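Read top to bottom, the protein sequences are chains A and B.
Its first residue numbered 1, the first sequence is counted upward by one per residue in UniProt numbering.
Its first residue numbered 1, the second sequence is counted upward by one per residue in UniProt numbering.
Read the hints as simulated data drawn from the structure, not as lab findings.
Note that the structure is predicted; figures quoted are calculated from it, not measured.
Yeah, the Cβ is synthetic: ideal placement off N, Cα and C, and Gly gets one too.
It is possible that some hints are incorrect.
[To be verified] A short, non-exhaustive set of chain A residues, derived as facing chain B with CB atoms under 7 Å:
#1 E116
#2 V117
#3 T155
#4 S158
#5 L160
#6 Y168
#7 S172
#8 T175
#9 G203
#10 G204
#11 F210
#12 N216
#13 L243
#14 T273
[To be verified] Which stretches of chain B does chain A cover? Using the computed rule of at least three CB atoms under 8 Å from a CB of chain A, they are:
#15 25-33
#16 161-167
#17 240-246
Each chain, written out:
There are 2 protein chains.
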Amino acid sequence: MIGVDWGTSSFRAWRMDNQGGIKDRVAAPRGILTVEAGGFPAVLRSLIGPWLDDGENIILICGMAGSRQGWQEAPYLPCPADAAALAGALLPVEFEGRRCFLVPGLSARDPQGVPEVMRGEETKILGLLDRLPPGRSLVLSPGSHSKWALVQDGTVLSFLTQFTGEAYAVLSTHTILARTLDATAPQDWAAFDDGLARARQPGGLLHHLFGLRTRNLFGELTEAAAGSYLSGLLLGHEVASALPEGMTRVFLVGDGAMMARYARALASLGVATTEVPEEAAAAGLWRIGQSLPAL
Amino acid sequence: MIGVDWGTSSFRAWRMDNQGGIKDRVAAPRGILTVEAGGFPAVLRSLIGPWLDDGENIILICGMAGSRQGWQEAPYLPCPADAAALAGALLPVEFEGRRCFLVPGLSARDPQGVPEVMRGEETKILGLLDRLPPGRSLVLSPGSHSKWALVQDGTVLSFLTQFTGEAYAVLSTHTILARTLDATAPQDWAAFDDGLARARQPGGLLHHLFGLRTRNLFGELTEAAAGSYLSGLLLGHEVASALPEGMTRVFLVGDGAMMARYARALASLGVATTEVPEEAAAAGLWRIGQSLPAL
Chain A
1 MIGVDWGTSS FRAWRMDNQG GIKDRVAAPR GILTVEAGGF PAVLRSLIGP
51 WLDDGENIIL ICGMAGSRQG WQEAPYLPCP ADAAALAGAL LPVEFEGRRC
101 FLVPGLSARD PQGVPEVMRG EETKILGLLD RLPPGRSLVL SPGSHSKWAL
151 VQDGTVLSFL TQFTGEAYAV LSTHTILART LDATAPQDWA AFDDGLARAR
201 QPGGLLHHLF GLRTRNLFGE LTEAAAGSYL SGLLLGHEVA SALPEGMTRV
251 FLVGDGAMMA RYARALASLG VATTEVPEEA AAAGLWRIGQ SLPAL
Chain B
1 MIGVDWGTSS FRAWRMDNQG GIKDRVAAPR GILTVEAGGF PAVLRSLIGP
51 WLDDGENIIL ICGMAGSRQG WQEAPYLPCP ADAAALAGAL LPVEFEGRRC
101 FLVPGLSARD PQGVPEVMRG EETKILGLLD RLPPGRSLVL SPGSHSKWAL
151 VQDGTVLSFL TQFTGEAYAV LSTHTILART LDATAPQDWA AFDDGLARAR
201 QPGGLLHHLF GLRTRNLFGE LTEAAAGSYL SGLLLGHEVA SALPEGMTRV
251 FLVGDGAMMA RYARALASLG VATTEVPEEA AAAGLWRIGQ SLPAL
């Protein structure tokens, strides 16, 4: 089978054998924002044509390709949900007469009843089920909107989202803080830790943000350190708010620089982390594929 | 004497009699961002020339004109500070041989030692001293960066800043939340109250922000209501963080739509507010002028 993680800005695909092993992979900067309405079949053909010509007939696609702005909208499936439930809610799309499906996202309600959605992360979470211990686990998927999911025995019970990544992006580029923040500077872990420590103090995030400006004015925060400080400050606020009482381990799924930052932010609260290697989405797609009804 | 509040984006001046009564006023969109280096004397002459020709010889200027980007930098005066201390720290600037001074801003440290600054608000605060009861009062000046100042017996003891106004501006225009927020919609107090109530729930501001998107997706928040909801959410977080324990009244100084919003946010916590009418800056400048040494 073929698994595709088709996101907002990137496209990744894997060709898998019958044991879920990855035989081949493709990655391209062809996120859904680069695809015109009606253009999804042609783009998919252009990116994985050789696999199709080689006889692959099952294609599972997760991510924003299943959103309103994507190929077709696959409605959110309410939690709790497991791989079988997702497989049962796959949305077939027309693609060269093959068995091609969009994986739906998940929805939930937070404890106060406010809606929650994810699209793409549910598949990564399924991909790491084999690594989770029995009982309840907390899985964190960093990103522009990070997702904190409670998983038990193969089922996503609930989850919540934090707006941290996007908040960092706009604060560091479109506010007065940008004037004294060198976005090209390398990670400064001491400054990151200062930001984490600041998040544990009273005053609230909106007060703490202004401190970036004043600490710069008073020579206490360099432009090179400001980005790391802001990152630590925001992640510190996020983990303090999002971590459920009594949770001592978090499974981090994803890749890139954010993994180490979240691990450090969680460690500062005494929480252990397990980082799950890349291509969790591929494993999740394969798991959903196992639940597909035979034709 | 002449008092001037010369801010980033606007210029306001008052001609006052010997009792501080306002005889005449000028307002112009000539904030310091519109003035070239070295151009401040000429712009001031162009805006208040008739008063000068009429013999006014004392000009006090507060606000960003005293910043590094302004006419000349008037260094921050550390708190605690009163009108006499500000008068003693006035920075004389050359202007047609007249007695022309820049009012310095104030600096402070928050309880954790992080620096604080204000420039312009200190003068408004001085302008409402006559309205404050004996003992300690809390004065709130809304704005892009709102200032919460503790004042006692004419002295600004300390203050802290909240980044709320600027956070609202970037979140409502430069994030995914902007797509489902009609910035031209009128104030919706029910949505504002919903945002205030949300701020009192667990989860943290970064989680609550994502709820704007999901509540829209689920048909629970219209685009017309989203701006008011976001405003209530941010102000709710601000007042919960900034309000000192046991404070039952806040004096609001300023003008514009934010005054009513802060009053409502504070009322939701059982805190009474007193709104101080406009032109507090004029009264503050006059008070500082009273402390000027005679020539």
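Each hint, compared with the structure:
1. With a least beta-carbon distance of about 6 Å to chain B, the hint placing A/E116 at the interface is held under the 7 Å criterion.
2. For the restraint placing A/V117 at the interface with chain B, the shortest Cβ-Cβ distance is roughly 6 Å, inside the 7 Å limit, so the hint holds.
3. Checking A/T155 against chain B: minimum C-beta separation of about 21 Å lies over 7 Å; hint violated.
4. At its closest, the beta carbon of A/S158 sits 13 Å from a beta carbon of chain B; the interface hint therefore is violated under the 7 Å criterion.
5. Interface restraint check: A/L160 against chain B, minimum CB-CB distance 6 Å, threshold 7 Å, status holds.
6. Below 7 Å, beta-carbon pairs count as interface contacts, and A/Y168 has none with chain B, the closest being about 10 Å; its hint is therefore violated.
7. Because the smallest distance between the Cβ of A/S172 and any Cβ of chain B comes to about 10 Å, over 7 Å, the interface hint for this residue is violated.
8. Taking 7 Å as the C-beta contact cut-off toward chain B, the hint placing A/T175 at the interface holds, the least distance being around 5 Å.
9. Given hint, A/G203 at the interface with chain B, holds; its Cβ is 6 Å from that chain's nearest Cβ, closer than 7 Å.
10. Using the Cβ-Cβ criterion of 7 Å, the hint placing A/G204 at the interface with chain B is satisfied: the shortest such distance is roughly 3 Å.
11. At a threshold of 7 Å, the smallest CB-CB gap from A/F210 to chain B is about 4 Å, leaving the interface hint in force.
12. The beta carbon of A/N216 is not positioned within 7 Å of any beta carbon in chain B (closest approach about 9 Å), and the interface hint is therefore violated.
13. With a least beta-carbon distance of about 10 Å to chain B, the hint placing A/L243 at the interface is violated under the 7 Å criterion.
14. Residue-level restraint check for A/T273 is violated (minimum Cβ-Cβ distance to chain B is 19 Å; threshold 7 Å).
15. With 0 residues bearing a CB less than 8 Å from a CB of chain A, the region 25-33 of chain B misses the requirement of three and the coverage assertion fails.
16. Residue count for the region 161-167 of chain B with a Cβ under 8 Å from a Cβ of chain A: 6. That meets the three needed, and the coverage hint holds.
17. Counting residues of the region 240-246 of chain B whose beta carbon lies closer than 8 Å to any beta carbon of chain A gives 3, which meets the minimum of three for the stated coverage.
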